[in-house]
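So the sequences go chain by chain: A and B. Every number in the working numbering is 88 more than the matching position in the first sequence, counting from 1. Every number in the working numbering is 271 more than the matching position in the second sequence, counting from 1.
The hints are simulated quantities; they were obtained by calculation from the structure and are not laboratory data. Incorrect hints may appear among the rest.
Restricting the straight-line Cα-Cα distance to at most 30 Å, the calculated cross-link-like pairs of lysine-lysine (DSSO-like) are [unchecked claim]:
| no. | chain 1 | residue 1 | chain 2 | residue 2 |
| --- | --- | --- | --- | --- |
| 1 | B | 340 | B | 556 |
| 2 | A | 324 | A | 309 |
| 3 | B | 466 | B | 340 |
| 4 | B | 556 | A | 416 |
| 5 | A | 309 | B | 489 |
| 6 | B | 489 | B | 472 |
| 7 | A | 309 | A | 233 |
| 8 | B | 340 | A | 233 |
| 9 | A | 154 | A | 233 |
| 10 | A | 324 | A | 416 |
| 11 | A | 181 | B | 466 |
| 12 | A | 424 | B | 541 |
| 13 | A | 309 | A | 416 |
| 14 | A | 424 | A | 324 |
| 15 | B | 472 | B | 340 |
One side only, chain A facing chain B, incomplete, derived with CB under 7 Å [unchecked claim]:
| no. | residue |
| --- | --- |
| 16 | 90 |
| 17 | 209 |
| 18 | 211 |
| 19 | 281 |
| 20 | 297 |
Glycine residues also receive a C-beta, built at the ideal position from the N, C-alpha and C atoms.
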Amino acid sequence: MIPVNRQGEVWVYAEQEDGALHDVSLELCGKARQLADQLGVRVGAMLAGHQVAGLADRLIAQGADKVYLVEDSRLAHYQTLPYARVVCRLIEKYHPQIVLYGATPLGRDLAPRVASHLRAGMTADCTDLQIDDVVEARTQQLHPKLLLQVRPAFGGNIIATIVNYDGWPQMATVREGVMPLLPPDPSRRGQVVREHVELDDTLFVVRLLERHMEPRKVNLKGARVIVAGGGGVGSKENFRLIYELAGVIGGAVGASRAAVDSGFIGKEHQIGQTGTTVRPALYIACGISGAIQHRAGMEESAKIVAINTDPEAPIFSIAHYGIVGDFKQVIPMMIKALRQRQ
Amino acid sequence: MPYDCIVCVKQVPDTANITTDAMKEDGTVNRAALPAIFNPEDLNALETALEIRDQCGGTVTAISMGPPKAAEVLRECLYRGADRVILLTDRRAAASDTLATSYILSQAIRTIGRYDIVLCGRQAIDGDTAQVGPQIAEKLGLPQITYLEAFLGIENGRIRVRRNMGHGWELFESPLPVLLTVLGTANQPRPRSAKRVMRFKRARTVSELAAEMAAQMKAQNPQVPDSQIESAVQERAEQLRQQGLLIEQWDLDRIGADLSRCGAAGSPTKVWRVQGIVLTRKVYKQYPATEEGVRELIHELVVDRTLG
Chain A
89 MIPVNRQGEV WVYAEQEDGA LHDVSLELCG KARQLADQLG VRVGAMLAGH
139 QVAGLADRLI AQGADKVYLV EDSRLAHYQT LPYARVVCRL IEKYHPQIVL
189 YGATPLGRDL APRVASHLRA GMTADCTDLQ IDDVVEARTQ QLHPKLLLQV
239 RPAFGGNIIA TIVNYDGWPQ MATVREGVMP LLPPDPSRRG QVVREHVELD
289 DTLFVVRLLE RHMEPRKVNL KGARVIVAGG GGVGSKENFR LIYELAGVIG
339 GAVGASRAAV DSGFIGKEHQ IGQTGTTVRP ALYIACGISG AIQHRAGMEE
389 SAKIVAINTD PEAPIFSIAH YGIVGDFKQV IPMMIKALRQ RQ
Chain B
272 MPYDCIVCVK QVPDTANITT DAMKEDGTVN RAALPAIFNP EDLNALETAL
322 EIRDQCGGTV TAISMGPPKA AEVLRECLYR GADRVILLTD RRAAASDTLA
372 TSYILSQAIR TIGRYDIVLC GRQAIDGDTA QVGPQIAEKL GLPQITYLEA
422 FLGIENGRIR VRRNMGHGWE LFESPLPVLL TVLGTANQPR PRSAKRVMRF
472 KRARTVSELA AEMAAQMKAQ NPQVPDSQIE SAVQERAEQL RQQGLLIEQW
522 DLDRIGADLS RCGAAGSPTK VWRVQGIVLT RKVYKQYPAT EEGVRELIHE
572 LVVDRTLG
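This is chain A alone, in the form it adopts within the complex (with noise of 0.2 Å):
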């Protein structure tokens, strides 16, 4: 672990793929600065890759006041071992107080390695973040603007709140599309700090044969919210405002049999028997009049909202809220009320 330094910068670890920029990354560099803003410090970004400095302006635009840039050729794909220790050494040598990582495979594979060898605290899949001073029960002793960690347990049947005091820095890794994903302030002015790690040839033993990437997919089983359309949204151009309110809340687009057949929206996006079976922790059906096929692929969903013009309807009957009315007037009134708590 590194000493607390409560001076040091909230740092985001920056996906890259191909030379694109993880959305998660900068979805983290939004929450970061506003992290760094909080506790009075700067953020840092971590770019690794091969050619990649073309991203560091991105990376700015979204809020880092640093990117610490290290290019290899040798570090073209994604590989555990090299990229662990271009992590490692970083935040040996700069000390930042919290490093993010986004919670995707990638994520997933490379933030425990370092935690491990940094022998510092790791939380898995935060939901949420925030700065506060934590008392510590054992001790009374008070821990100044701590991070808090806040992450789902127990299969979503819990939320823990967890807290890291001394074996910094503080690092977790936060799932995709829980932050909102900032718009980008082309004016924003950083540092593009070029770093040089050793790297040996025994971080190469592990040979990648072939690679085989998809263009990303509708992620409906990852999601923490959906919003979907039934064959009430009556028109493909009604969709969008189901895309918008699911843009406003981070969350993805799904639709129900009829919506699919009738060609408002792609197959891909179906939910229920025939489609993909999800249990966000936020399901908002409009339009949808719940046939037993859709309800099968949603039901286990741990809030399911209900919008329809019809009060008879079978989705109001696995529904925990509802509103009877027409959500091209309903949808609207939510975006303006989730844009005002913002």
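Could you slot chain B onto chain A? The hints should help.
Same frame as chain A, now just chain B:
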């Protein structure tokens, strides 16, 4: 050429089938009210190890860290084909976070000594962290391949596997020894072998023997002295050992663990607060389709932490 595999397995509460009975009034989970099961992806890790042994020969050793009750999953490993099982149990290991857990498991693996491949399930369903595997790999200085979807073979001392990251796959070749974390989609775990169930259903740890025999002997004679129970347990343990039915039980001393790195002392992350989530939709609330109604709905979702 034969290879020695070590599989880390965990007994977990069945979080997928959680009910309101399992929630305490303060909103925390009552572990005792939940059925304890074999962590699903650890079964896939065990199956991968058994596949490797089927193909190449060698041994499969299963190790579990947990309370004495965790011997149940080790018996399950024996039923499915494990050659050797070890229970790592010690009160001083309680409250270990993933870092302390990985330290303890890595010490146990070092104590076993010989291994070519260490396997873990990708993640356990009680914490879903997926951290312990990579953390063990780092402690042992091994390369790691996580999210394993298929074991493709071992040639000239190099293992080939395919990993799946959800939006694509990668084919890797790694020298041995290596640590693998295995996905639930990697294989179909074989069922128990009836013959092995018959043979190993009497397999016990010393803790289990002690509890069972104390209960039995006290039922017959409530005044039975502890020393008498103790010597009976030792005698029975020796019998089981000779029959190959004594499940090895290790504590932190046995694995030479530095106690400052175990349990709460060795855990940098601390649970500061726990909040329960309302589990079932007993309540249905309707809101009017007005600005005020919608605002109330959003507020409600924020209050119960559905919205961040």
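Outcome of the hint check:
1. B/340 / B/556: violated, 43 Å
2. A/324 / A/309: holds, 23 Å
3. B/466 / B/340: Between residue 466 of chain B and residue 340 of chain B the Cα gap is close to 23 Å, so the pair holds against 30 Å.
4. B/556 / A/416: Holds, because 21 Å separates the two Cα atoms, which is no more than 30 Å.
5. A/309 / B/489: violated, 53 Å
6. B/489 / B/472: Roughly 24 Å separates the two Cα atoms, so the pair holds.
7. A/309 / A/233: The given pair, whose Cα atoms are some 35 Å apart, is violated under the 30 Å limit.
8. B/340 / A/233: Not OK: residue 340 of chain B and residue 233 of chain A at ~40 Å, beyond 30 Å, violated.
9. A/154 / A/233: Measuring from Cα to Cα gives roughly 22 Å; hence the hint holds.
10. A/324 / A/416: Satisfied, since the Cα-Cα distance of roughly 13 Å is no more than 30 Å.
11. A/181 / B/466: violated, 58 Å
12. A/424 / B/541: Violated, at roughly 38 Å.
13. A/309 / A/416: Measuring from Cα to Cα gives roughly 26 Å; hence the hint holds.
14. A/424 / A/324: holds, 22 Å
15. B/472 / B/340: holds, 15 Å
16. 90: violated, 11 Å
17. 209: Where the cut-off is 7 Å and the nearest Cβ of chain B is about 3 Å from residue 209 of chain A, the hint holds.
18. 211: With a closest approach of 6 Å, the residue 211 of chain A hint holds.
19. 281: violated, 26 Å
20. 297: holds, 4 Å
The earlier numbered hints that this structure contradicts are 1, 5, 7, 8, 11, 12, 16 and 19.
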